[in-house]
Structures are given as C-alpha cells and as structure tokens.
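Residue numbers (our numbering), protein chains in the order written: chain F, 21 to 485; chain L, 21 to 485.
The hints are simulated quantities; they were obtained by calculation from the structure and are not laboratory data.
Any given hint could be a false lead.
Which copy? The list can't say, so a pair holds if one copy fits it or any two copies do.
[What the hints assert, rightly or not] Under the rule of at most 35 Å between Cα atoms (straight-line distance), these lysine-lysine pairs were calculated in the DSBU-like manner: (1) Lys147 with Lys37; (2) Lys320 with Lys188; (3) Lys59 with Lys202; (4) Lys188 with Lys43.
Number of protein chains: 2
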Amino acid sequence: MKKAEDFSEWYNEIVEKANLTDKRYPIKGMNVWTPYGWKIMQAIDSHIRQEFDATNHQEVCFPLLIPEDQFAKEKAHIKGFDSEVFWVTHAGLNPLDVKLLLRPTSETAMYPIFALWVRSHADLPLKTYQIVNTFRYETKQTRAFIRVREIHFFESHTCHADFEDAEKQVREDFDILSILAKKWCLPYKLLKRTDWDKFPGAHYTVGIDTLLPSGRSLQLGSIHQYMENFSRPYDIKYEDEKGEHRYVHQTTFGMSERLVGAVVAVHGDDKGLVLPPDVATNQAVIVPVLAKGETEKVSKAARDLYDELKSSGIRVHLDERDVRPGVKYYDWELKGVPLRLELGKRDIEKDKVTFVRRDTGDKSLRDRKHVVKEVKDTLALIANEMLARASKEMTANTLTVDSLANLPEKMIRTGWCGEESCGHEIETKSDRNIIGTPVDGEHFSGNCVVCGKPTKTPIYLARAM
Amino acid sequence: MKKAEDFSEWYNEIVEKANLTDKRYPIKGMNVWTPYGWKIMQAIDSHIRQEFDATNHQEVCFPLLIPEDQFAKEKAHIKGFDSEVFWVTHAGLNPLDVKLLLRPTSETAMYPIFALWVRSHADLPLKTYQIVNTFRYETKQTRAFIRVREIHFFESHTCHADFEDAEKQVREDFDILSILAKKWCLPYKLLKRTDWDKFPGAHYTVGIDTLLPSGRSLQLGSIHQYMENFSRPYDIKYEDEKGEHRYVHQTTFGMSERLVGAVVAVHGDDKGLVLPPDVATNQAVIVPVLAKGETEKVSKAARDLYDELKSSGIRVHLDERDVRPGVKYYDWELKGVPLRLELGKRDIEKDKVTFVRRDTGDKSLRDRKHVVKEVKDTLALIANEMLARASKEMTANTLTVDSLANLPEKMIRTGWCGEESCGHEIETKSDRNIIGTPVDGEHFSGNCVVCGKPTKTPIYLARAM
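This is chain F alone, in the form it adopts within the complex:
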C-alpha cells in the first residue's frame, strides 16, 4: 500500500481497508455507506448545513423523480444529460404514461415549483439548498466516492432580481467555500471552465479543483451562473417595483461525496487515512498502556482523562480492548484519528500524557493538568499544518510552461489567447483538458502556447483522477 508508487491502487485499497465503503453491492458504482464512511460524510454535510444556514439559505427536499416533459424544457441541459440518466418506465406491472427519470441534478425538478414560489421582488432573493442522492449512469470506470452512479450530493439553488445580484451570490459562494475548505484542509483553485466544458445550460461555470499527489486534478464541486437560461423555459418571473414582469437570474453550487474521496486522497498516507480534526469521527483516541500490577490504576486514569476531554466537547474515544497497544496504534492509524493519547504508568507518575500526531508521527509529553487546552491547541495546529502541507504540495505540483512538449504529470499552467480553435489544439497537443482560467485574476504575462499571440490570461491543464 504505497501511495507514491501506485496512487490509484493505494486509493482503492485504503477506502476498503479503513472500511469507509463496501463495494460488493451487486450494482456497479453503487456502493454501501458503512457506519464509518457515513459518519465522515455526515460531518461534511453538517459543515455545509452550518454555512448555508448561516447565510440564510433554506433547506428543502424535492422529489427524486422528474417527468420527462419537465426535464426536456431546457435544450442544452437535456442534451448534456440524456445519455446518462436512469429511466423509470413501469410502476407495479404497468407501463407509465409519462416516463420518469432519476434526478442527475435537480434544476428540472425545482424550477417548475420555483415558478410558483417567486411572485414579486419581495420573494427575492430565493436561496435554497438540499442534500440528496443523485444518479448518473457513469460509463467510465467507477471509483469509490470519486466516480459513482449513486452520488450523495449537495446543491444550492438561488433566484435573483438581476445579473448583478446573482453575481453577488457567486461571490458569497466563494466565501462559503473558503470557510468549508479550511475545515477539510483542502487547497483548491477556482477556475472558470471553457465554453465547451461548462455545465449544460449554464452561462458560465466555475470549477473548484484540487490537485492530488499523483499530479492529477480532482474537481471538488462547481458554482454556476445561469443568468436567464433556465428561468425563461421554466417561466420563473417576478413583478418588480414598477409592476413589470422580469425573469429571475439563477445560480447553483454543487458538491458531493467526492469530498470524502478528496480528503482520503489528499491527506492519506501509507499507514491509512489522515483525517482533518473537523472531519474526524474521533478527534483523539486514548490508548492505556497497561503494566502488570498497575492495570487498575492506569485504567482509572484513562477513564478520568476520557471523561474530562469528552465533557469539554472533544470527540474522544477510549480504546479498552483487550489487545496489545501496537494493535490499537495500527487500527487507529488506519482509521486516521488525528491524535493518539498514550497513558502509561510512567506518564501518570510524571503527571503527563503522551501525544502522538497522526499527520506527522510527532511524539511529545504534555502536562496532564492542561490536557484539554493541549488537545485543542494540538488539533488546531494539526489542521493548520495539514492545509499548509497540502497547499505547498499543490504549488509544487503546478508547472508553468511555454511549450507543450514533454509535459510531466503535473497541473500545467500556460498561456491561451482565448480562441476556441487554439483551446482545442492545446487539449489535443497536451493530451490534457483545459480546466479553466483563474477566477481571482492571477498575474500572468505570456503568449498563447499555440498561436503565439500575447495574453494576460493563464489557463490550467490537467488530467482528471
């Protein structure tokens, strides 16, 4: 299980060994969420709920099934999805009059209802989100959390009075993302996709991309400005202050269980998972190191330590299994618990606790007296350093070039004039996709790598995991 040698194999192995998922379900790409994997997903969902609730988004839940005629209203959208949806054609023993599809995403489920909810400017902005499973008939090779056919999915959908208010929403989404990504210790880039790679029906799409140690990119989610592209076919109109009827401008923000995959892929190592403290089901595990004749004393001290940490709000587990400490170390390293607290006879005598960090392996003695503060500080430090290391690695794995010859397996940054024909040629020559132009206006001064025209806009190229 060597991450550096065969990243893809390492990933497949680790999600099973750490028991995050069970891939033996009899439908390809539809996996079972085991208790451990589901807890991690729920932690991530709860972070998302917290930030979207705090910004006055309302959680809703729309039906799974969408009638074919509703789905077909936005032409580019159906064209983008119709080769990958699952169709319900029968109920009981009878064929249905109107075929129903399993949502691949919920625009076409929500927008006929939004047309009823939005009446006047007082109803705007309408800010909603839902966390549901979506379905895509993925024909490429599936991979746990990364490319599956039943996808645990977050999607926010908003309606605004005009383009500028929708743009404000996109910027709010960027702010929300920056808070969330910190909790997950994930570095990312906001990249505006090319026109031929944007979401079907979108005015523009911003991809949220991180980089894996293998040099491949992984899209964590995307944020879309729809303008009036959906509100026109779905007739979502409001009466403005002057009594005029206008179409709303819409945005969406989508993320998925792929975040679990990203956390595994970016942070994990040859010993197993390395979970960010905010994501970890158990932030710390206490391993009593029992010595002959002192068993009772050490056990009691371990239980006291547990009670004190628990009551201070730290998610802590006390491992009292009757196995050697080494077995426990192995298990909790595999599971990615950020901090191991060892407590033995000598620790107790010195009024200390031994701290072992999962991310670095660093071992240190801390005062038992200040243990709550020490644990909290250490968890905060771990989170900061995990993000810093991943960011550094992302930078190191990004290469700016002025020629497409002999590209290494890294994220590639180069110049593009913006012409579609040059874009396609860049993709062909580099055998990579353009994942986009940076949203935050990176400084760049170079030439289009195909036509040589001077340009101030860099593009990023990558192979997807």
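Fit chain L to the supplied structure of chain F, relying on the hints for placement.
What follows is chain L alone, placed relative to chain F:
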C-alpha cells in the same frame, strides 16, 4: 377550517396553509418538502438518531436501486410488493440487462451484504439503521405525509444469534418507541397484526397505531420479527461457539414521514398546527407590543429577552416584522409555535412577560427575572398536557362492544377466538380491519363476537385514515 366538522378536509387544508408541503409537484403523491415541513421532519429524525445511537445501532446508507434477482429471493416478500414498485428499465438510451427497482423497503438491498458482514457469533448482534426515501406506487388516494409515493423513511435492521435475542431486540424497540412517542406527545397502541395482515416475509408484525379525532386509526410504524425467513434465502449465517453454522434471526423497525402527519392530525386545531415543544422549530416566539413613543424601549427589551432565552438553549424567534401584533399572533398560531411571549410597555414596567400557550390559549403574567426557568417549565408542562389530552381522547374514542351492529366511528375493541374464519367475518361484518391484538396483555374476558367461544384476547378494529 373546522377540524370537528370535516377532519379530512381540515387536514388537507392545514398542511398547505401552514406551508409544511407543496403538493403542486407534477407527479401525484410526490410532494415537495418546504423549509418549514423539512425542519419538522429533521427534528423527528434527530430524535430517532439520538435514541438508536444511544442503543448502539450504527447508521448506514444502502443504495436506492435493487436488482430484480436480489429482490425475488424471498417469495412472500416479492409477492407483497411487486404490484407497487417502480422499475428502472433503461439507463441513458439503452435497456438494462437486469431490471432495477426503487427500494420499497431495504431488506433485499441490505441482506446480500449482511451475508458478507456476519461471519461469527462475535459479529452479533448486528444493529443498523438508515434514514432514506422509499418508493411505493400507491394506487389509493394520496394524502400529504400519510399516503405518498416517495416516503421519507426510517428503518432499523438487526441480526441476532437466536430467536430469544431477536425478541430482546423487539422489546428494546418498544422501549425506544416509548421515549420517542413522548417527545411527539403521541399516544399509541402496540398491536400484533393478524397473520393475513403482517409484513410480507415477517414471522410476526407489531403495528404501532394511534387514533385520530375522527375515530380513524393511523399506523405510526411497525416492528417485525423475521426469525429465519430472510436469513435462509439470503444466506446470512454465522459460526457459533461450537463451530456450527447457524442462520441469524432478524428484526426490523420502520417509521416514516407519517409521524409528521400524525403530529399535525392529533394535535392541530381550527387555528392551525399545535407543535409539541420537542418538535417545534421555534419553541417560543417573542412579539413586541409597541406603543407610540416607547418603540425603542420595547424593541430593546424584546431583543434582550431574545438573547437571554437563545443563549439558554431555547429555540426562540423574535418577530420584528412591521405588522400589527394581531397578524403575528395569527401567523404563529397557524405555524403551531407552542409558546408566545408578548412584551409591551406595561409588561416592562411591571417587570413581567405575558405568556400565551398555543395548546390551551391560556394567558398569564410571569416574572421577567425568572423567564428562562418559566419558559422551560411551561414548555415541559405543555408537552405533558398535550400527551395527556391526546391519550384521554384516544381512550374516549375506543369502545368495547359485544355486537358488531351499529358501530360508531371509533376504535372498536371486541372478542375474537383467534380462528381465521371468524376473523374474516368480523372484518366483513364490521366493515373495518382487525388491526390486531394488544402486545402488552390487556385484561379481557369475553366471547368471540362471531362464534361465541369464550376468549381472553381482545382485538381492535378500525378504519384507517
């Protein structure tokens, strides 16, 4: 909107007026969870999670789709469901080799995997649950939360070494239920269903039934003992201490969004919802009663009150809308907020707050100084009295008879010898279903209402909502 006059109409109207659901989705029986309805459902889900986590059940999440061949393994089960499942027959533009169905319940999704998870006696008991949506092609008239085609669903699934351990689980389920029902202020009866009415594949089924003011029964959920009925066809075996391979005994416990319907139907009145304090999104709402020239002072006092209640953990809302207090009273009564706190100039002068209970309409002045305790005590009192009133109503609406002539619209209790033929005749003659025999061994001494044979077992008859 008169509950006593036309209960069915009252129910349909109130779920829409209180904005718990939007029934305008273009598929019959598949409704939209609005923000307010979804919050109530989430509160109920969180109660369920809390109790099942506390009893060492593990939350999992299994795929939605089930291959036809897995579904067909338990004969009684497929016979019970095959007229009401939705079939996925195509993916993208192609027909599927094996048809997939949308889970109507998850036995046939989970049990092939349980066969892999359970190996030895050390793996038992296996206690799991999930909260997912299920799908049934309901052909009867649909009704929000009560009878729908996409059902928000809770299901626990457990595996045990033997029948007795599975029986212990059933009793634990009864205990869990009694805690939950108290939070929802719902009285109920545990009734063992007849053999011809049990869950398809079950050894026995215990229905959890409440009674509505209309005299009709509403099933809140059910608990099943499967014995080896599923473990044999799905091959869920373990090696016991002696090295012998034995089939597990299984149980399940199911509840659904119908709980939201029950809370609405049992507690609501002509003014709207009456939410139990544990279920209510807002447990208390503060309405400042502004007087001319004193606006600022009252507003500030209201905000102070809000801060104090909020920080003590009470879910409180401050209604600062620029509308008359009467409009606010109307709105929050419709929404079912348990406690209204009015704060005006005179209250402030006397250092008081006016409390108005939603359930009784009782109005009283309480000391501002002790407001946190007063609110908490009042909420506890409301919960107790809501349950007591509903229990009293259930008792009053239950009638013991020794003849099936001229039955009123109530829950009927009578004698049954236990013979299936007499049972069917009882159902025909009474034009009601036998909902079952009491699990808790009610005292009864009478005769079978059909054959006259003496019996110690009462049965309950009811029409379902």
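Going down the list of hints, with the structure as the test:
In the homo-oligomer, the alpha carbons of Lys147 and Lys37 lie at most 35 Å apart only across protomers (21 Å), although the nearest pairing inside one protomer, at 40 Å, exceeds that limit. In this homomeric assembly, Lys320 and Lys188 come within 35 Å of each other (Cα to Cα) only across copies, at 32 Å, whereas the closest approach inside a single copy is 56 Å. When the C-alpha separation of Lys59 and Lys202 is checked against a cutoff of 35 Å, the pair qualifies both within a copy, at 19 Å, and between copies, at 27 Å. In this assembly of identical chains, the alpha carbons of Lys188 and Lys43 lie at most 35 Å apart only when taken from different copies (32 Å versus 41 Å within one copy).
In this structure, every one of the numbered hints holds.
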